[in-house]
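2 protein chains.
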Amino acid sequence: MSNIITITFPDASTREYESGINSLQIAESIGPRLAQDVVVSKVDGELRDLSYPIELNASIELFTGEAPEGHEVLLHSTAHLMAQAVKEIYPKAQVTIGPAIENRFYYDFDIDGTFSDKDLLRIEEKMHELANRGQIVTRKEMSRDDAITLFKKMGEHYKVEIIEDIDPGETLSAYQQSDFIDLCRGPHVPNTGEIKYFKLLNSSGAYWRGDEKNKMLQRIYGTVFSSKKSLKKYLNFLEEAKKRDHRKIGRELEIYIFDEEVGPGLPLWLPNGTIILDELEDLAKESERKAGYKRVRTPHLSKSSLYERSGHLEHYKDSMYPAMDIDGTEYYVKPMNCPHHHKIYAASPKSYRDLPVRLAEYGTCYRYEKSGQLFGLMRVRSMQMNDAHIYCTPEQFKEEFLDVCRMYLMYFEIFGIEKYMMRLSLHDPAELGKKYVDDSDLWIKTEKAVKEALDDGGFNYTEIPGEAAFYGPKIDVQVWSAIGKEFTLATNQVDFAVPGRFNLTYTNADGKDETPLCIHRAPLSTHERFVGFLIEHYAGDFPLWLAPRQVIILPVSEKVHDYGREIVNEMFEKGIRCEIDTRPEKIGAKIRQAELSKIPVMAIIGEKEVEARTISVRRRKIGDQGSIPLDDFISEILDEIKTRRHSYRKTE
Amino acid sequence: MSNIITITFPDASTREYESGINSLQIAESIGPRLAQDVVVSKVDGELRDLSYPIELNASIELFTGEAPEGHEVLLHSTAHLMAQAVKEIYPKAQVTIGPAIENRFYYDFDIDGTFSDKDLLRIEEKMHELANRGQIVTRKEMSRDDAITLFKKMGEHYKVEIIEDIDPGETLSAYQQSDFIDLCRGPHVPNTGEIKYFKLLNSSGAYWRGDEKNKMLQRIYGTVFSSKKSLKKYLNFLEEAKKRDHRKIGRELEIYIFDEEVGPGLPLWLPNGTIILDELEDLAKESERKAGYKRVRTPHLSKSSLYERSGHLEHYKDSMYPAMDIDGTEYYVKPMNCPHHHKIYAASPKSYRDLPVRLAEYGTCYRYEKSGQLFGLMRVRSMQMNDAHIYCTPEQFKEEFLDVCRMYLMYFEIFGIEKYMMRLSLHDPAELGKKYVDDSDLWIKTEKAVKEALDDGGFNYTEIPGEAAFYGPKIDVQVWSAIGKEFTLATNQVDFAVPGRFNLTYTNADGKDETPLCIHRAPLSTHERFVGFLIEHYAGDFPLWLAPRQVIILPVSEKVHDYGREIVNEMFEKGIRCEIDTRPEKIGAKIRQAELSKIPVMAIIGEKEVEARTISVRRRKIGDQGSIPLDDFISEILDEIKTRRHSYRKTE
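These protein sequence lines map, in sequence, to chains A and B. One point on numbering: in our numbering, the residue at position 207 of the first sequence is 207, and numbering is uninterrupted. One point on numbering: in our numbering, the residue at position 60 of the second sequence is 60, and numbering is uninterrupted.
Just so you know, the hints here were simulated from the structure itself, not pulled from any lab data. Some clues are possibly wrong.
Chain copies aren't distinguished; within one or between two, either way the pair holds.
[Said to hold, decoys possible] Only pairs whose alpha carbons sit at most 20 Å apart, straight line, appear in this in silico SDA-like list of lysine to any residue:
| # | residue 1 | residue 2 |
| --- | --- | --- |
| 1 | K370 | A323 |
| 2 | K350 | D581 |
| 3 | K303 | A291 |
| 4 | K559 | R33 |
| 5 | K118 | T171 |
| 6 | K317 | E330 |
| 7 | K451 | I591 |
| 8 | K370 | D441 |
| 9 | K242 | A482 |
| 10 | K350 | A509 |
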């Protein structure tokens with residue numbers, strides 16, 4: 001009886017097995033289909049290889065490749081498979097690292113030259129061959145020193161460098177299939193035969209350890225799924241995402257540029273892009289005015305003394321631009337607006353009757369990002385922030401915090417964002433006094449208040465320990481675009497530490513000084529990231545109010561140009577962005593050009609329209625709307641703009 | 001006959017005198033009144049002491065102290081008189097420099113301690129005593145080395161330092177009255193008895209040579225006029241200007257602050273100030289939209305390469321902030337927006353049909369000014385510029401340039417600016433290739449085009465040689481505030497040099513590439529300087545559309561608070577900045593407080609008003625307006641705001 005153990009399943013059912021059984025065997029005992037599909041298991045809450053022997057009573061959860069846990073294992077194992085294939089084809093290639101990222105994996109190799117598309121096909125073919133061989137994948141544990149000896153012997157110098165950074169006492173694990181062995185925490189699939197539906201996507205250069213001072217390696221991205229259908233769906237998604245790439249559309253619609261002589265990560269907004277920014281800013285100013293915010297403006301520079309007081313130089317210096325020396329004093333470009341706002345709060349004495357004080361600014365901040373990390377509008381060095389700071393009493397906190405969250409939802413509604421998730425980042429008690437302000441009680445109290453507010457408001461959120469800001473917990477909002485691509489957009493942070501450092505106070509009802517809480521919030525994110533998101537979300541087909549070019553008049557012949565110009569002038573007077581295509585082209589060609597430029601409203605005019613003072617309206621993504629009297633048309637357009645309506649289904 | 005000379009007067013009349021006669025004697029020959037009033041003369045176009053002997057035929061012009069030329073001599077001579085008085089009272093004081101500035105003079109002394117108001121009175125008394133002594137003022141010429149010996153002997157080490165900087169071969173002049181002698185180019189009044197109507201104004205610290213690394217000296221400001229009446233008028237003006245000082249009103253109305261930890265010259269705009277900025281920006285955006293400008297946005301930083309190309313690093317580096325080193329590349333905060341705009345122009349190919357291209361931006365620029373030069377909002381380090389650049393063909397230039405000038409006039413009308421002057425700064429041929437782009441023909445051609453445009457438009461302007469920008473001629477616009485204080489506000493520059501450096505082109509009608517001209521313009525100046533001007537111009541009594549606090553409801557008793565709040569809400573909905581004074585105070589006290597806060601519209605409500613749904617309106621600077629139905633009142637307010645009208649005479 002002593003070698004019989006009880007295995008408990010997620011539905012609380014149990015089965016008995018002999019001690020030493022593994023998860024694959026358990027799956028086989030349940031059914032052949034499950035045994036075929038399962039890729040990894042969780043034993044007593046720890047992810048384990050299917051071959052991991054279970055000695056004692058345990059709870060177990062089995063995952064197929066459809067589950068996130070299983071998918072990640074598939075991605076990891078396929079990365080190894082790819083590395084094995086590369087080593088077979090390019091024996092001199094050195095392997096480095098190959099992590100799984102969302103729905104994809106990559107692996108960086110040190111090789112001479114680069115990988116062509118043809119090379120990728122050849123590697124993919126080799127991967128299929130290696131997978132079909134049904135190689136058994138085995139886990140090996142070894143000491144750090146043994147690992148160094150092993151990889152040195154194999155000539156894998158990058159691996160040696162990685163291992164040398166690891167604590168000498170630690171035991172490392174590696175996974176081997178045939179004679180290919182790679183350092184990995186695992187778990188992995190038990191047999192390469194499990195890896196079937198994969199595709200190499202693209203390759204690019206990547207610096208070793210992301211540092212441009214290091215050697216440029218060659219990175220290959222790939223993906224894998226547990227079914228042909230899932231793979232196909234994902235490849236279609238990538239295809240659609242590629243079409244919607246904000247860098248591509250941003251260039252085509254003349255929204256922004258980068259310039260070599262200005263510098264990486266510093267976008268220049270062209271007139272079309274600036275229209276979008278101005279519209280967003282108007283929306284933000286309008287909603288913030290209604291919500292009782294007051295606008296302020298602060299310089300982009302400050303003496304170092306401000307950031308010594310705020311703690312930025314202590315906690316955030318790596319993300320700041322370097323100092324400028326002015327008359328012997330160090331000045332910095334601002335990485336955040338908060339310290340300046342704290343100074344404005346402090347400019348006059350406050351009583352509890354003055355609170356909450358809500359200070360809003362479109363302040364451009366500058367943060368240093370390694371040039372290798374920069375990515376279109378998503379990762380930049382100059383950030384126009386839809387920023388505000390709310391100073392309130394502890395009693396006001398919950399309502400203010402909820403109001404901010406509700407403002408997020410209002411914006412999501414306007415922009416047609418249907419899926420979102422709030423990630424509540426909490427502190428890590430082990431990092432108090434290091435990464436986090438050293439006041440355990442305040443952390444616990446404030447995190448509790450935030451959670452209560454979110455619970456009360458009925459918001460969905462997940463808790464992420466160890467990712468708070470140094471001055472308090474924060475909420476990052478993930479949103480999903482129309483095609484389901486994920487973006488991290490907005491942020492909402494509670495600050496219970498810094499107001500005290502700035503000696504911010506208010507007089508309470510008893511005439512005593514108290515320190516206010518501060519909420520940092522930016523529901524429209526940075527202009528840069530938000531516009532990048534919107535471009536991809538709308539695929540460049542902006543709703544009318546945001547469209548840089550709203551209406552184009554398409555005259556059928558030169559005879560009606562005067563009528564067309566009259567319409568343009570009338571619309572211009574009313575603030576509608578309207579133009580006329582007077583090129584001597586056929587109407588079909590004009591329509592095609594307007595479609596290419598993604599202009600939402602085409603107004604076709606011929607002699608019939610002149611006579612009746614009408615317009616033949618054709619809406620992009622909707623189609624012909626027929627003939628409409630000019631005045632009605634203008635009112636409709638104005639109303640659609642004013643109400644910021646969507647005129648077509650955004651997912652189309 | 002050989003010692004008789006002919007003197008020609010400005011009215012072309014002539015008189016004959018003996019050679020060697022001086023201007024004072026000539027004045028005496030004309031009349032005793034003129035002899036008494038004259039303070040300086042111009043002989044053959046050169047300003048001379050009245051005692052200067054005229055040996056040959058000459059033209060002569062005599063100036064009394066009322067003329068600018070005479071006033072400046074009075075100011076100079078009074079500065080010397082003050083220095084003499086200081087030396088008599090404080091024998092150990094060392095003199096430094098004492099120039100005349102507009103309507104005032106100052107003199108910097110090295111003394112122990114500072115000058116109190118009592119000290120100033122004592123010095124003034126001593127000056128009257130010295131003036132009344134009727135000391136004769138004589139000019140002495142000497143070699144540089146003799147001057148060094150003289151001032152060394154006198155223990156005037158600052159003077160010695162000044163003289164040591166002068167070319168050894170030069171002859172210097174000094175003016176002496178009794179045993180007081182001071183280096184000066186002159187001319188001066190012949191006798192201290194001419195100096196009668198003066199007043200010492202204030203004293204302050206000032207660094208030797210304006211450099212904060214040097215010793216702090218003590219500066220005394222004073223003024224002098226040729227009549228008691230003129231002195232009194234000027235002292236009244238100073239009194240009024242002091243009341244209107246934008247630093248004082250800026251603090252009282254909570255418009256902006258400076259903060260020690262943020263740094264000098266970097267204003268933080270409080271909510272009230274930001275309202276004014278936002279209103280100005282809306283006005284600018286509205287007029288620029290109507291005038292066919294397109295808005296752009298550019299980062300505040302750039303790699304050094306941009307400023308190498310633009311020439312800023314060559315010609316303008318002293319006014320730029322120091323570089324930041326990022327990954328081995330130097331970055332600068334932008335001192336101007338033009339290079340960024342040039343990059344935006346270049347982002348897509350242009351044909352002559354696309355021109356003019358007018359790119360506008362509220363770009364904040366940063367310029368280094370010595371901390372001793374900083375002054376309130378007038379001289380700052382961060383500048384929010386109402387900036388734009390117009391790219392046009394030579395054929396379009398005149399009309400574009402005139403349109404810009406007309407836009408100035410439109411703004412002057414809105415802000416009630418009645419007196420202005422355009423200063424056309426031209427290049428100095430001697431500085432070509434040094435201070436100015438080395439292309440003589442282009443300078444001449446462009447300066448001619450600008451003058452033609454100004455002549456055609458009927459604008460008054462004065463030409464100032466040697467003050468052009470390095471890339472072309474510029475127009476600075478001086479304006480005078482309601483009380484006649486002068487400000488340099490706007491700027492309008494022609495750039496024929498830099499577009500070529502950026503390879504900016506357009507295709508002309510023949511299909512060939514040409515370089516556009518570029519007009520730099522900022523009719524609303526920087527926000528900082530313009531708001532500083534407006535505060536002083538309006539003495540803080542902003543017209544309704546600009547007033548940070550527009551309407552205050554003053555309830556007579558608590559019973560009518562609900563009606564008051566209803567009005568506040570209704571106005572808030574309509575975008576009117578309205579608040580309510582619910583303090584338990586008498587109505588008189590509430591009115592006094594609203595007046596102190598310079599709130600333009602007071603709406604007094606009692607039970608009578610509730611019943612009739614009216615408002616008792618009291619307008620600041622206008623008075624009681626009687627009872628008005630609520631709806632009419634709101635329409636009137638909205639209309640006044642929308643039309644940006646002045647509701648009262650601004651000079652009141």
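The hints, checked one at a time:
1. In this assembly of identical chains, K370 and A323 lie within 20 Å of each other by CA distance both inside one copy and across copies; the values are 17 Å within and 18 Å between.
2. In this assembly of identical chains, the alpha carbons of K350 and D581 lie at most 20 Å apart only when taken from different copies (17 Å versus 58 Å within one copy).
3. In this assembly of identical chains, the alpha carbons of K303 and A291 never lie at most 20 Å apart, being 32 Å within a copy and 40 Å across copies at closest.
4. In this assembly of identical chains, K559 and R33 lie within 20 Å of each other by CA distance neither inside one copy nor across copies; the values are 73 Å within and 80 Å between.
5. In this assembly of identical chains, K118 and T171 lie within 20 Å of each other by CA distance neither inside one copy nor across copies; the values are 40 Å within and 85 Å between.
6. With identical chains, the CA atoms of K317 and E330 are at most 20 Å apart both within one copy (13 Å) and between copies (18 Å).
7. For the homomeric pair K451 and I591, neither the shortest alpha-carbon distance inside one copy (53 Å) nor that between copies (47 Å) is at most 20 Å.
8. In this assembly of identical chains, K370 and D441 lie within 20 Å of each other by CA distance neither inside one copy nor across copies; the values are 36 Å within and 47 Å between.
9. Taking the closest pair of Cα atoms, K242 and A482 come within 20 Å of each other only inside a single copy of the chain (14 Å); across copies the shortest separation is 61 Å, beyond that limit.
10. Only within a single protomer do K350 and A509 lie at most 20 Å apart by alpha-carbon distance; the minimum there is 12 Å, versus 65 Å between protomers.
Taken one by one, the earlier hints fail for this structure at numbers 3, 4, 5, 7 and 8, listed in ascending order.
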